[in-house]
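Asker: Residue numbers (the numbering used here), protein chains in the order written: chain G, 1 to 184; chain L, 1001 to 1180.
Treat the hints loosely; a few may be bogus.
Calculated cross-link-like contacts (lysine-lysine; reagent style BS3-like; alpha-carbon spacing at most 25 Å) [said to hold, decoys possible]:
id : chain 1 : residue 1 : chain 2 : residue 2
1  : L       : LYS1042   : G       : LYS29
2  : G       : LYS137    : G       : LYS95
3  : G       : LYS152    : G       : LYS184
4  : L       : LYS1080   : G       : LYS46
5  : G       : LYS60     : G       : LYS49
6  : G       : LYS37     : L       : LYS1080
7  : G       : LYS152    : L       : LYS1132
8  : L       : LYS1180   : G       : LYS46
9  : G       : LYS141    : G       : LYS37
10 : G       : LYS176    : L       : LYS1080
11 : G       : LYS176    : L       : LYS1180
12 : L       : LYS1132   : G       : LYS46
13 : G       : LYS137    : G       : LYS37
14 : L       : LYS1130   : G       : LYS49
15 : G       : LYS60     : G       : LYS137
16 : G       : LYS152    : G       : LYS37
17 : G       : LYS124    : G       : LYS141
Reference listing, derived: stretches of chain G covered by chain L, where coverage requires no fewer than 3 residues with Cβ under 8 Å from a Cβ of chain L [claimed, not checked]:
id : region
18 : 24-30
19 : 33-46
20 : 117-127
Since the hints were derived computationally from the structure, they do not count as laboratory data.
Computed from a prediction, not measured in an experiment: that's the story for all the values here.
Glycine residues also receive a C-beta, built at the ideal position from the N, C-alpha and C atoms.
The residues making up each chain are set out below.
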Amino acid sequence: MKRLMTAFVAAALAMPATAVEYGTVDHAKSSLSFTSKQMGVPVDGKFSKFKVTLSFDPAKPQAAVAGFDLDVASIDAGSQEANDEVVGKQWFNVKQFPTASFKSSSVKALGGNRFEVSGPLTIKGKTLNISAPFTYKADGKNGVFDGAFVLKRLPYGIGEGPWADTSTVADEIQIKFHIVAAAK
Amino acid sequence: MNETPAHYTRTAIALHWVLALMIFIAFPVGLYMVDLRLSPEKLQLYSWHKWAGIAILVLALIRLLWRATHRPPALPASMKRIEQIAAHAAHHLLYVLMIAVPLVGWMMSSAKGFPVVWFGLVPLPDLVSKNKELGDLLGEVHELLAWGMALIVIAHAAAAIKHHFLARDGILARMLPFLK
Ligand code: HEM
Ligand code: HEM
């Protein structure tokens, strides 16, 4: 009985520390970056304009929701020449599809501070389900979320025509996100 | 000074012509590729140019080592002093440039944020960190040095041919033994 009581007290004491729901994203501190492989050479890039919505309580990860809207034209693909190219029809076709977006359909705990978010990702008018593992870590008042996953560009038609040749630009794009959010 | 050999070693001759051939390929490929519109072909040519360029750098370093440990044959006494000085100066400059041109190319690639992965297999370290202004500047330097090298090579080859047909002093045959 006494054992049970201490367990309850310990749990009650522990609760407030984790019962925080993060939801106010600090975009200046967050980043969305990627690495493509060109002729075997890793080339880093990033998006500078995106809006993340998030609601995450580490105690109830399955109730979490996350999503983003991304201004595709804000891409930095590593060089001016590449930036001019990738907004074009064969790549992102930014004129017709200015935004890419993601909405989570589920978040599950993988144990420890590891989680996985899944849901539909829309790029260039095509919607496909993706899932990405991420970690969560409390940093003072903020929650910090770091994740990475591999996105295949061809199913989205990112790089068509001569660019569909994966021996020059690999199909796999390594995506990394780093999101900093304060409590709601 | 009478210890100087009468011939170039076979190694020296082989390195001279392998490097000359590779430079004759890397140079026009460089000129051609920069004016292409971004395309898979352009990315391929850039990679091939860099791979060949790094191979040139490696061979040039080996050649320099060989040169430091093996004396070349002396120039014929029939050459005027000024000609001898010019020949030596050109040779020294060519040695400097066959190292400097690819080295600056590698630095430029690093500065532009494109690491060099030799033959798509061996990732080479970045010599400088990403910096657009520096990358553009090194690009200019690379272009200038490459053209400088081209001009000296033209003068160098013209001199060798002049030696062969006008002076007939056997200089060209020292590098092309089958001419003997
Ligand atoms: C002896 C060896 C080399 C020669 C003769 C050579 C020659 C040239 C020439 C003539 C150009 C065209 C310059 C222009 O018109 O702008 C060029 C461009 C270039 N070279 Fe080299 N190069 C050599 C080695 C290298 C190496 C080792 C690298 C990198 C690892 C390299 C990277 C580049 C790059 C990236 C460009 C394009 C610059 C731009 O886009 O503006 N080169 N090279
Ligand atoms: C990229 C092209 C070339 C480079 C970088 C180059 C570089 C050099 C260097 C550094 C030497 C001096 C070797 C030494 O004594 O240490 C040399 C010697 C020589 N080169 Fe070239 N060379 C090139 C192309 C040519 C061409 C096209 C010819 C002929 C048409 C030629 C003919 C010779 C001859 C005959 C010698 C021997 C000079 C002597 O006996 O003292 N080279 N070359």
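Asker: Does each hint fit the structure? Answer for all of them.
Answerer: For each hint, the structure was consulted:
no.	hint	verdict
1	L:LYS1042 / G:LYS29	violated, 36 Å
2	G:LYS137 / G:LYS95	violated, 38 Å
3	G:LYS152 / G:LYS184	violated, 34 Å
4	L:LYS1080 / G:LYS46	violated, 62 Å
5	G:LYS60 / G:LYS49	violated, 29 Å
6	G:LYS37 / L:LYS1080	violated, 56 Å
7	G:LYS152 / L:LYS1132	violated, 29 Å
8	L:LYS1180 / G:LYS46	violated, 62 Å
9	G:LYS141 / G:LYS37	violated, 37 Å
10	G:LYS176 / L:LYS1080	violated, 67 Å
11	G:LYS176 / L:LYS1180	violated, 65 Å
12	L:LYS1132 / G:LYS46	holds, 16 Å
13	G:LYS137 / G:LYS37	violated, 30 Å
14	L:LYS1130 / G:LYS49	holds, 22 Å
15	G:LYS60 / G:LYS137	holds, 15 Å
16	G:LYS152 / G:LYS37	holds, 12 Å
17	G:LYS124 / G:LYS141	violated, 36 Å
18	24-30	violated (count 0)
19	33-46	holds (count 7)
20	117-127	violated (count 0)
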